[in-house]
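Since the structure of chain S is already known, use the hints to place chain W on it.
Residue strings, one per chain:
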Amino acid sequence: MATPLDAKIPSGPIEKKWDKHRFDLKLVNPANRRKYDVIVVGTGLAGGSAAAALGEMGYNVLSFCVQDSPRRAHSIAAQGGINAAKNYPNDSDSIWRLFYDTVKGGDYRAREANVYRLAQVSNAIIDHCVAQGVPFGRDYGGLLANRSFGGAQVSRTFYCRGQTGQQLLLGAYSALMRQAGKGRVKILARREMQELVVVGGRARGIVCRNLVTGKLESYAAHAVCLATGGYGNTFFLSTNANSCNASAIWRAYKKGAAFANPCFTQIHPTCIPVSGEHQSKLTLMSESLRNDGRVWVPKKKDARSPDAIPEEERDYYLERRYPSFGNLVPRDVASRAAKAVCDEGRGVGPSGLSVFLDFRDAIARDGEDTIRAKYGNLFDMYHHITDEDPYKLPMRIYPAVHYTMGGLWVDYNLMTTVQGLFCLGEANFSDHGANRLGASALMQGLADGYFVIPATLSGYLAAEKLDKVQADAPEFKQAEAEADARTKRLLSVNGKRTPVDIHRELGRILWDHCGMGRNEERLKKALALIPELREEFHKNVKVSGQGEEFNQALERAGRVADYLECAELIVRDALERKESCGGHFREESKTPDGEAMRNDAEFSHVAAWEYQGEGKTPTRNTEPLTFEHCKPSQRSYK
Amino acid sequence: MSGMRLTLQIWRQKGPDAPGQLVSYGVEDISPEMSFLEMLDVLNEKLIGMGEDPVAFDHDCREGICGMCSLVIDGRPHGKDSGATTCDMRMRRYKDGDTITIEPFRARGFPTIKDLVVDRSAFDRIMQAGGFVSVNTGSAPEANSLPVPYEKAEAAMDSAACVGCGACVAACPNASAMLFVAAKVSQLALLPQGEAERTRRALAMMAQHDKEGFGNCTNEGECEKACPKGIKLDNIARLNREFLRATLLQP
Numbered sequence: 001m002a003t004p005l006d007a008k009i010p011s012g013p014i015e016k017k018w019d020k021h022r023f024d025l026k027l028v029n030p031a032n033r034r035k036y037d038v039i040v041v042g043t044g045l046a047g048g049s050a051a052a053a054l055g056e057m058g059y060n061v062l063s064f065c066v067q068d069s070p071r072r073a074h075s076i077a078a079q080g081g082i083n084a085a086k087n088y089p090n091d092s093d094s095i096w097r098l099f100y101d102t103v104k105g106g107d108y109r110a111r112e113a114n115v116y117r118l119a120q121v122s123n124a125i126i127d128h129c130v131a132q133g134v135p136f137g138r139d140y141g142g143l144l145a146n147r148s149f150g151g152a153q154v155s156r157t158f159y160c161r162g163q164t165g166q167q168l169l170l171g172a173y174s175a176l177m178r179q180a181g182k183g184r185v186k187i188l189a190r191r192e193m194q195e196l197v198v199v200g201g202r203a204r205g206i207v208c209r210n211l212v213t214g215k216l217e218s219y220a221a222h223a224v225c226l227a228t229g230g231y232g233n234t235f236f237l238s239t240n241a242n243s244c245n246a247s248a249i250w251r252a253y254k255k256g257a258a259f260a261n262p263c264f265t266q267i268h269p270t271c272i273p274v275s276g277e278h279q280s281k282l283t284l285m286s287e288s289l290r291n292d293g294r295v296w297v298p299k300k301k302d303a304r305s306p307d308a309i310p311e312e313e314r315d316y317y318l319e320r321r322y323p324s325f326g327n328l329v330p331r332d333v334a335s336r337a338a339k340a341v342c343d344e345g346r347g348v349g350p351s352g353l354s355v356f357l358d359f360r361d362a363i364a365r366d367g368e369d370t371i372r373a374k375y376g377n378l379f380d381m382y383h384h385i386t387d388e389d390p391y392k393l394p395m396r397i398y399p400a401v402h403y404t405m406g407g408l409w410v411d412y413n414l415m416t417t418v419q420g421l422f423c424l425g426e427a428n429f430s431d432h433g434a435n436r437l438g439a440s441a442l443m444q445g446l447a448d449g450y451f452v453i454p455a456t457l458s459g460y461l462a463a464e465k466l467d468k469v470q471a472d473a474p475e476f477k478q479a480e481a482e483a484d485a486r487t488k489r490l491l492s493v494n495g496k497r498t499p500v501d502i503h504r505e506l507g508r509i510l511w512d513h514c515g516m517g518r519n520e521e522r523l524k525k526a527l528a529l530i531p532e533l534r535e536e537f538h539k540n541v542k543v544s545g546q547g548e549e550f551n552q553a554l555e556r557a558g559r560v561a562d563y564l565e566c567a568e569l570i571v572r573d574a575l576e577r578k579e580s581c582g583g584h585f586r587e588e589s590k591t592p593d594g595e596a597m598r599n600d601a602e603f604s605h606v607a608a609w610e611y612q613g614e615g616k617t618p619t620r621n622t623e624p625l626t627f628e629h630c631k632p633s634q635r636s637y638k
Numbered sequence: 001m002s003g004m005r006l007t008l009q010i011w012r013q014k015g016p017d018a019p020g021q022l023v024s025y026g027v028e029d030i031s032p033e034m035s036f037l038e039m040l041d042v043l044n045e046k047l048i049g050m051g052e053d054p055v056a057f058d059h060d061c062r063e064g065i066c067g068m069c070s071l072v073i074d075g076r077p078h079g080k081d082s083g084a085t086t087c088d089m090r091m092r093r094y095k096d097g098d099t100i101t102i103e104p105f106r107a108r109g110f111p112t113i114k115d116l117v118v119d120r121s122a123f124d125r126i127m128q129a130g131g132f133v134s135v136n137t138g139s140a141p142e143a144n145s146l147p148v149p150y151e152k153a154e155a156a157m158d159s160a161a162c163v164g165c166g167a168c169v170a171a172c173p174n175a176s177a178m179l180f181v182a183a184k185v186s187q188l189a190l191l192p193q194g195e196a197e198r199t200r201r202a203l204a205m206m207a208q209h210d211k212e213g214f215g216n217c218t219n220e221g222e223c224e225k226a227c228p229k230g231i232k233l234d235n236i237a238r239l240n241r242e243f244l245r246a247t248l249l250q251p
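Protein sequence lines, in the order shown, are assigned to chains S and W. With the working numbering as the guide, the letters of the first sequence map in order to residues 1 to 638. With the working numbering as the guide, the letters of the second sequence map in order to residues 1 to 251.
Please keep in mind that the hints were generated in silico from the structure rather than gathered at the bench. Check before you lean on any hint, since a few could be wrong.
DEER-style ranges, computed between Cβ atoms [what the hints assert, rightly or not]:
1) W:Thr-101 - S:Gly-615: 44 to 54 Å
2) W:Ser-139 - S:Trp-96: 21 to 31 Å
3) S:Ala-364 - W:Gly-20: 48 to 58 Å
4) S:Lys-186 - W:Ala-207: 55 to 65 Å
5) W:Lys-14 - S:Phe-627: 55 to 65 Å
6) S:Ala-364 - W:Met-50: 48 to 58 Å
7) W:Lys-46 - S:Leu-27: 57 to 67 Å
8) W:Met-50 - S:Pro-350: 29 to 39 Å
We put the beta carbon where it would ideally sit given N, CA and C, even for glycine.
For reference, chain S alone in the conformation it holds in the complex (with noise of 0.2 Å):
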């Protein structure tokens, strides 16, 4: 990457920008793009949005995935919603006050351009979903109902129960179905990616293993999309699903894609607390609750069941400390909140690592029945999980990493700093800046798969001269020598500890010095055990079974490799970021009530990672950010 981060900004008033490009861009005709094939790897909203939509255009795509089947990625586990600019409760949302709010959310870290984009094409998704028959929620006349969510002022969210990501991925399925049985779309389930090939400089095609007979398999292209999700598993305890990796992303930053920011990890505030050391995941509880939950400890240490503490022995400390947002402050604030009340050992629950979140005044004021009525299945499960019934006693929660606004570094096309490699959703870097405002994921993957690569993509495909590639081409052998010599290494180690321990190990590491609040000292500290926890790794770790058959532990061993080297770089980011923004908390860069404080002067800027090969610190590339329509404020929810 000997080029520098050029973003390829359209010119013009940001309102026109995405037309004008739309216009720049050549077109492939449409008897033509039959010719082009396209491979999507990754089948949750972003890449099972993009496979339909390329499929309906007419181009012959290759749709791969971990899973049994494409309908299962993991955006099926979002709960609450999905927002846009329709303004139907007449509450003077608009395009550019969702622009504004999403920019003002990731705290000055995102691209204008691209965030306008992205509330422009809003509006088209809902309306496409509705066409797809998602069942959203409807008023008794029939017309579409709308939430507050995520501490929005106006309410722009829209929903199915909650149940949102759910629907909306099966709606982007069935359109994947419809296309496959045209034949349009070919369906790859449980083949996992191993590798990016690159051909003359291009992204020209993937190496992957089929997780059913273990063998490795080739397949070329004309161009490849990645929308594999966020890293967030890396942390080991996330509210990810369990197959969440790294590992597609992080071969392709091994081949040349710049990784940016890779430090800005959300942790939500509300997931169940850790159970014991055999947890395997968090379980995230929707932030709708906040609407009507109080968040509250108690003053001081205190044993007595919560219904038993009176009123003024609680201490309600969003509503304290933040006044005129409350118990909505935005997610990294709260957090970092119930952090703070734990570590004065104020926290509540077995470990001491949870707070109250109380619907016992809600359900005084509307009624048992409308609080059933709005989060029945969320009590439900909470009730399920915990053994306890959160209709009589407060539910106990405490924060989880939860989504990586960090990815892939990205032009405005969506593309990577490959040649023909593209990144869509929660895998790419480019819209939520250092924190993702609720309800936002949904929208940026389903805006990135079914309006902008449709887009763009084809821009590509007909702006170069892309020669035959066979998947037998010597680099594709080459890179299936690489996958298969990685695959041995892992069986031939024969040690002690199995990767599912070790990765364990990992998460405490990045949890405990990477985590809500980082500091010098210990990113220091982390940059050294990292490194430790790699090499024992390659030294002791135990993969039992054969490369060439069903083998979900090699599957594992394959991540947590590749997690052992993406911790590094998060650390290593978070390290060099002196500032504290969004889901990055600094220590040493707060204001003096101990609020975040950002460093507009220096770090104003996207900061993207250059792999410089095995053993050698990657390269920190910077693309500045300038902010022509969103002023950047200390953002304050007091």
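For chain W alone, coordinates are given in the frame of chain S:
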């Protein structure tokens, strides 16, 4: 603090054509807060440590929504909790000394891949036959141009909640997948957006259902009991009506 000791009888099968059998394993230190799948994690960690082949099982979100986990536990798909997937279940439902039998979802339409993992791609092919509204990206009308009565939208959502896990098939004595088909046909039959393809959809999805080797519905009701998402038998009644209607309207 020592937890429960349990005996597990687990179906082990090396591959699609290999013979399978129940194999007995012991696990200890199982705490009541653990999920059922975390209990299997404990077993697998132990097996890997001993250099043995861990038990293959499908799982992903571990919060009851992706539909990837399966398992027939003591004869019941997704175990003894009603309205819950296997991954939702916590070990507090068991007591020290219990024996638990764990088998895969068995059906002609779901060939076994390994141990507890089966191939459910037949569901994708049924969806490909007609489980969609034919609308290309970009061609949708304004979202509020077509009001949908509240009750219809809610009923459509009830059907749309299907996670495609296949428990209905595993529970059915005929290995019928009609509850799965019915949930999608119902969702789209209830909504005006599905109207244009209503006839074609019911016929095409059922034709693929039969082709995949799933049996017919004889109103046993086992599917409804096993469904982790509360999909009701009424959906099959609606599917039958839709199918009959389509047969009559067919040119």
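Now for the hints, and whether the structure bears them out:
{"no.": "1", "hint": "W:Thr-101 - S:Gly-615: 44 to 54 Å", "in the structure": "holds, 50 Å"}
{"no.": "2", "hint": "W:Ser-139 - S:Trp-96: 21 to 31 Å", "in the structure": "holds, 27 Å"}
{"no.": "3", "hint": "S:Ala-364 - W:Gly-20: 48 to 58 Å", "in the structure": "holds, 56 Å"}
{"no.": "4", "hint": "S:Lys-186 - W:Ala-207: 55 to 65 Å", "in the structure": "violated, 22 Å"}
{"no.": "5", "hint": "W:Lys-14 - S:Phe-627: 55 to 65 Å", "in the structure": "holds, 60 Å"}
{"no.": "6", "hint": "S:Ala-364 - W:Met-50: 48 to 58 Å", "in the structure": "holds, 56 Å"}
{"no.": "7", "hint": "W:Lys-46 - S:Leu-27: 57 to 67 Å", "in the structure": "holds, 59 Å"}
{"no.": "8", "hint": "W:Met-50 - S:Pro-350: 29 to 39 Å", "in the structure": "holds, 32 Å"}
When held up to the earlier numbered hints, the structure conflicts with hint 4 and nothing else.
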